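Asker: Chain residues, written in single-letter form:
There are 2 protein chains.
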Amino acid sequence: MINQDYKAMLGAKNIIRNLSEYATARGKEIGYENVFDFSLGNPSVPAPEIFTDTMIKMLRDENPMKLHGYSPTLGDPSYKEAIAASLNRRFGMDYTAEHIFPTTGAAGAISHAVRAVTKPGDTVLTIAPFFPEYKPYVEGAGCKLKIVPANTDTFQINIEEFERMLTQDVMAVLINTPNNPSGIAYSTSTLRYLADTMTRKAEEFGHPIYLISDEPYREIVFKDADAPYVSAFYKNTLSCYSFSKALSLPGERIGYVAVNPKADDAEFIVPMCGQISRGTGHNCPPSIIQQAVGKVCDITSDLSVYETNMNIIYDTLVDIGFSVVKPGGTFYILPKALEEDSVAFCNKAKEYDLILVPADNFGAPGFFRMAYCIDTEKVERAMPRLRQFAKEVYGLG
Amino acid sequence: MINQDYKAMLGAKNIIRNLSEYATARGKEIGYENVFDFSLGNPSVPAPEIFTDTMIKMLRDENPMKLHGYSPTLGDPSYKEAIAASLNRRFGMDYTAEHIFPTTGAAGAISHAVRAVTKPGDTVLTIAPFFPEYKPYVEGAGCKLKIVPANTDTFQINIEEFERMLTQDVMAVLINTPNNPSGIAYSTSTLRYLADTMTRKAEEFGHPIYLISDEPYREIVFKDADAPYVSAFYKNTLSCYSFSKALSLPGERIGYVAVNPKADDAEFIVPMCGQISRGTGHNCPPSIIQQAVGKVCDITSDLSVYETNMNIIYDTLVDIGFSVVKPGGTFYILPKALEEDSVAFCNKAKEYDLILVPADNFGAPGFFRMAYCIDTEKVERAMPRLRQFAKEVYGLG
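Chains as they are written, first to last, in the UniProt record's numbering: chain V, 1 to 397; chain F, 1 to 397.
What the hints contain is simulated information worked out from the structure, not anything from laboratory work. Worth double-checking, as some hints may not be accurate.
It does not matter which identical chain is used: a pair holds within one copy or between any two.
Straight line, CA to CA, 16 Å or less: simulated EDC-like cross-link-like pairs of lysine to aspartate or glutamate [stated by the list, open to error]: (1) Lys144 x Asp122; (2) Lys391 x Asp53; (3) Lys66 x Glu29; (4) Lys7 x Asp264; (5) Lys66 x Glu49; (6) Lys336 x Asp360; (7) Lys7 x Asp265; (8) Lys378 x Glu33; (9) Lys7 x Glu267; (10) Lys119 x Asp5.
Bear in mind the structure is a predicted one, so any value in this text is a computation, not a measurement.
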């Protein structure tokens, strides 16, 4: 009999997907250039040319048996070595290839990391606002996801609630910085606080509490933002990375788990990830992509457009009178809606062909997310529309 | 705390990997050309040139945003359409793109298929000899794997044991044809018997019993072999495929689940696979590989070497006096060892630099597997050594 739990999941509406489909349909009516679609977090800049050149050169020159052969269970050595060297150089860490486990993007990384440091029934704590896919990732490992309510003043951590919820049954804390949907990067003082609190509680509870740090936006950090490398603050950190955003390769499913060499049981975690893969059928990310990304892992696409877009949107929002925290990175911003019900707010915005996403699912009810990974020209054209909407519906500006 | 179950798995010896590592080490001593390594099932022919050309052309000409962008949750439409059309044309089926779910190889396919048609605690039945990774795939879904003992006369199905073990708690039967490790393809009469029995038992039990058909060797079928398309015999079939062998792309992790359009609840299964992926972090196979393989899915590498090798080995084995069933496909053969303890047998063969794999883990104790995906020249050079070994140690030939 088909599995009734998975069948039941089919009924759930995916609000972002629905909005995106609406935007596409509306685009067919009035021209997609006239729909101001801020729904989807897809990179809007191409992969760097050097990635394309590297791929073509490998395909042309290398032995296809090696290029397309099985990579070892724990990943392609050249990829693992390149990642370790890059992280060490940039963040003063001391990874070796043995601390790096290649995964199918950050989704694969988080799924492995959670399974490695929990057992079914354990609790994983995350901090709002948070990426809604954390729920299936954590529940897929048989764990419970509990959510620390947001600090809506800064989108750093709600300290009071975090300490209250960091109880004996919590085996891992899952964070995302720079953050989807807020665009905020956790500051040095936030990470110090987090590390101190987790260290203290772990001692009190008599078991390690691992920090699973989801970092696909790590390379999209804006001028003057304080966005330090998480693992440098807390030894029991598993860093989960994806090249989806930095190299604009979201479809190629390439990322990794990097285990802090000083973590408790660090030497077991990568080999355990290999065992975890056997049970999920995931196995390795594609061989040719591992080899190519290993060669270009210090390069990024031209990511400057995201900061340009952010500044245009942020300044306009402030000028109109929105309450909004300025992002330190990513391609998201999370302003407060102009009425309590952000779903109603976003529905009204649709009438102006502004596609905005209510952030209730992200643990930020009353806020809405704008993904500004779109052409700057379109962002500029959207601003008068945003003003018009705020003025006509809410009397602002 | 790190997960103790996964940690415990690290202790287990992988006999094939150990043998393969031994062969590599021995090769460093005496030259790898002098080690007759029949341990590993890696394709020994390159990917077809048209695949390489297609990849280069796509990289050169296509928009990188489209090429490397997220593929839709349920897979790239061009890939799904190409697979459906190919299967329909070749096997008289009536798939549409909606029945095809792209996966990271057959491992990903089986992991999804098992989760889709079972719930944790259910039983999945497989038939020896079988691929040992079925155990983690099935147990990863929370199910029990039960193994029907082999019919060692033919390596078709042990009918008596199959009927005894096909009990009320069995929700899926997992088969592999052409088979790793026996090389045997299930015949028309075997598949008719299987379909009739499963249909009858499903009616008796009042629930569907799905057939999960693992078919990575489907295109490696030898002259005169009777190796029909499984799903044509039984409507509740989920065909699990990988292009690893046919296109020599094992590292690129590209395959699919094809749901028989007439299966019970067929319309739900592919969308459910999308939900299953959310919980395992697997998501889609790489975007560029989906698009490229979609364009060449009717092509294969030059697979003729495997039949050439099989004939040389089979004829030699028979001539020496081994008991062996002639393979109908794959690049494996499964002769009976010359003593009851096949581990001891394979250890003695190692002294002759013949690397053979005891098949105990494959559910065929007393047999050994030879993977003949190696150069024909080397196969030819290995035969005198095999004769010498059988003669000196066992007085045969």
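Asker: Quick one: Lys119 to Asp5, C-alpha cut-off 16 Å, is that within a copy, between copies, both, or neither?
Answerer: between (21 Å within a copy, 8 Å between copies)
Asker: For Lys7 vs Asp264, is the C-alpha pair at or below 16 Å within one copy, between two copies, both, or neither?
Answerer: Cα proximity of Lys7 and Asp264: across copies only (13 Å, versus 39 Å in one copy).
Asker: With identical chains, the pair Lys144 and Asp122 could be close in the same copy or across copies; at 16 Å between alpha carbons, which is it: within, between, both, or neither?
Answerer: For Lys144 and Asp122, only the intra-copy Cα distance (6 Å) is at most 16 Å; the inter-copy one is 23 Å.
Asker: Pop the pair Lys66 and Glu49 into one bin, within, between, both or neither, using alpha-carbon distances up to 16 Å.
Answerer: So Lys66 and Glu49 pass the 16 Å test across copies only (15 Å; inside, 24 Å).
Asker: 16 Å Cα cut-off: does Lys378 pair with Glu33 within a copy, between copies, both or neither?
Answerer: Classified as within; 8 Å inside a copy, 62 Å across copies.
Asker: Within a copy, between copies, both or neither: which one fits Lys7 and Asp265 at a CA-CA cutoff of 16 Å?
Answerer: For Lys7 and Asp265, only the inter-copy Cα distance (10 Å) is at most 16 Å; the intra-copy one is 38 Å.
Asker: Since the copies are identical, ignore which copy is meant and state whether Lys391 and Asp53 lie within 16 Å (CA to CA) inside a copy, between copies, both or neither.
Answerer: Intra 49 Å, inter 56 Å, cutoff 16 Å: neither.
Asker: Between Lys66 and Glu29, at a C-alpha cutoff of 16 Å, which is it: within one copy, between copies, both, or neither?
Answerer: neither (49 Å within a copy, 23 Å between copies)
Asker: Up to 16 Å between alpha-carbons, please classify Lys7 paired with Glu267: within, between, both or neither.
Answerer: between (39 Å within a copy, 11 Å between copies)
Asker: Tell me, please, which holds for Lys336 and Asp360 at an alpha-carbon limit of 16 Å: within, between, both or neither?
Answerer: within (11 Å within a copy, 64 Å between copies)
Violated hints, in rising order: 2 and 3; the structure is consistent with all others.
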